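S.K.: Chains as they are written, first to last, in the working numbering: chain A, 1 to 367; chain B, 1 to 367.
Hints may be right or wrong, so weigh each one.
Put simply, identical chains are the same to the list, so a pair is met inside one copy or across any two.
[Unchecked claim] Simulated crosslink set (PhoX-like; lysine-lysine; CA at most 20 Å straight-line):
| id | residue 1 | residue 2 |
| --- | --- | --- |
| 1 | K164 | K135 |
| 2 | K102 | K281 |
| 3 | K2 | K257 |
Simulated from the structure, these hints should not be mistaken for laboratory data.
All values derive from a computational prediction rather than experimental measurement.
There are 2 protein chains.
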Amino acid sequence: MKFTCEKSNLQEGISIAQKAVTGKSTMPVLQGILLKALGSSIILTGSDIDLSIETKIKADIIEEGDIVVDSKIFGEIIRKLPNDIIEITTKDNNSIEIICQKSKFTLIHMNAKDFPELPTINENTIFQIPQSILKSMIKSTIFAVAQEETRPILTGLLFEIKDKRLNLVALDGYRLAVKSEYIDSESTINAVIPGKTLNEVSKILEETDENVNITFTPNHILFTIGETKIVSRLLEGEFIKYQSIIPDEYNLKVIAKRSELLGCIERASLMGKDGNTNLIKLDIQGENMIITSNSQLGMVREELNIILQGQPLQIAFNSKYLIDALKIMDEEEISMELSSSVTPCIIKNNEVNNCTYLVLPVRLLNN
Amino acid sequence: MKFTCEKSNLQEGISIAQKAVTGKSTMPVLQGILLKALGSSIILTGSDIDLSIETKIKADIIEEGDIVVDSKIFGEIIRKLPNDIIEITTKDNNSIEIICQKSKFTLIHMNAKDFPELPTINENTIFQIPQSILKSMIKSTIFAVAQEETRPILTGLLFEIKDKRLNLVALDGYRLAVKSEYIDSESTINAVIPGKTLNEVSKILEETDENVNITFTPNHILFTIGETKIVSRLLEGEFIKYQSIIPDEYNLKVIAKRSELLGCIERASLMGKDGNTNLIKLDIQGENMIITSNSQLGMVREELNIILQGQPLQIAFNSKYLIDALKIMDEEEISMELSSSVTPCIIKNNEVNNCTYLVLPVRLLNN
């Protein structure tokens, strides 16, 4: 194998493929990046079996071939080289030579045959969506994915496609996040994608109108973003029927300025941090919401103008769950739908109905 | 105690005084900030006994007084409040009330009498120096302060004043850093200031021509920066006679472009990381310096144009020590003065003689 390419292209390619290399694998070859010199490109692949990322960069191929190099040291070497043409050649003794200006590295390589093959996926796109929209949808929901492995299915995000809408759904037993967008697809899909995969996908997605193409197989999802392909296994098992958790009706509705409400809750949560309960109490009545919290250090009282439709209510929450949702929402006015101090609270944008956040209240002793 | 002040002023004051609060003390009162309402100011003080920082902000004092509040929670509360006037009042039950717009906090406080008094220092300034210059001098030397406590005096930086020059000196047994600037003072001083103190001082110093005033007592140093006073104890004991370590003569001198040399050494060091030796070899001959390093992963060879005065030499270093010095130097051309493969290397700016870095070589088995 022998090729030359621009340092900046190679660095960019490595940084993408590297996102699948976790360093946690017991297979040494999975700490490497597969370099395949073919035609007029280098294909770089990183994998941890569950997730594989493949990307293509332009290169002058003098001799085709493929090898695997340690992802970390190879990435560091290329990053530190001058901005110029890099020449890479395989040598005897399982090594490659990397030359750039007056720098010359000799680096051992591993055998490309030991690198796991990517699952074959028939690339019939099931739907397309602008990168910026998918990026925002992931960001709007991924925080609600379960961090604990006790129910593995909840460590993933549901991609639900029906009625020409893509719904992303995450829930962790205490709260639920749903984000919904129109897509031009007649398919019906229910697939759960590991949160870890989507974290990496959202780093690769750019703030652009250009599309990402998405293909599903029974066990895998394929994201195609320009010259980059991301293949991830799906999580096995059935996702919770989230629609049945979301109440259809409510007894009272609060409309509030999002940034004001967020500020009040963030300040109130400063006192709740003691003992890690994050407990805050909301007293909703008339045109005001009073938010209080206390700890051994002292207490706090916040007051906020609201519009209340319905009866007054006192209810308590873990402030973290409200903050996570309010931080990511993008409308200036939000609505909270409530029924009692022991039933879920639904938070939505007040205008466009494209997201739903559900938060369970904390039951107090005197309720 | 009762006062009102601008949130931004109070936040700024807390962030300065807080720099002396380490949270490592067993005295609860030292996790607090002392607030003293006096005249038309609030004086905020943080201390860990060795280091105390006091700063003054403008306030409307309605009732004078002093209390101590937990530094962390008080800082977080003030930071999260809206940008507006804040009112703080002492209440019964050892608490203060903090009011800003519709936010109201009640926070327990500690007794100001328990807060340690700052050492009294007669404020006859011994010298003045522009803040930006002292900041740069600290940055240019502090990296060479010993991290280990085996020889406590080496965890400090020597402030040496003589012949109208201020010399800052740090050494850790493997390398030495000296930075020198003219000052308008006839004093002669030798004082060793804890590295930790100077870390905090350099964060408070601004990139401005305005002066910092410096006063010494037998046991303390006082930095006066605008409305802020920083008092630190000095380290006890005698600093090493560093001048006797710096060789007066050399057999060869290398002149090199700093950024090129730094780039070569940084790349070469990528291979030396294996096993944590950071070992790189320099082969100096004619118009070239060849830098090599190798590890189990492979090897690297870097080549650099230099001007050599004197005989060729092969010498080995821990790359970290060369990188630390070359990174912080500011001239485009540097000189290296060498005598043999087992004697120290001196690195200087090629033009202005205001800094000296000494690095010990690594003795190789075949030397």
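S.K.: Work down the list of hints and note, for each, if the structure agrees.
M.R.: Checked hints:
1. In this assembly of identical chains, K164 and K135 lie within 20 Å of each other by CA distance solely inside one copy; the values are 19 Å within and 61 Å between copies.
2. Taking CA atoms no more than 20 Å apart as the test, K102 paired with K281 passes between copies only; the shortest distance there is 16 Å, against 66 Å inside one copy.
3. For the identical chains of this complex, K2 and K257 are neighbours neither inside a copy (61 Å) nor across copies (32 Å), given an alpha-carbon limit of 20 Å.
Hint compliance for this structure: hint 3 is the single one not met.
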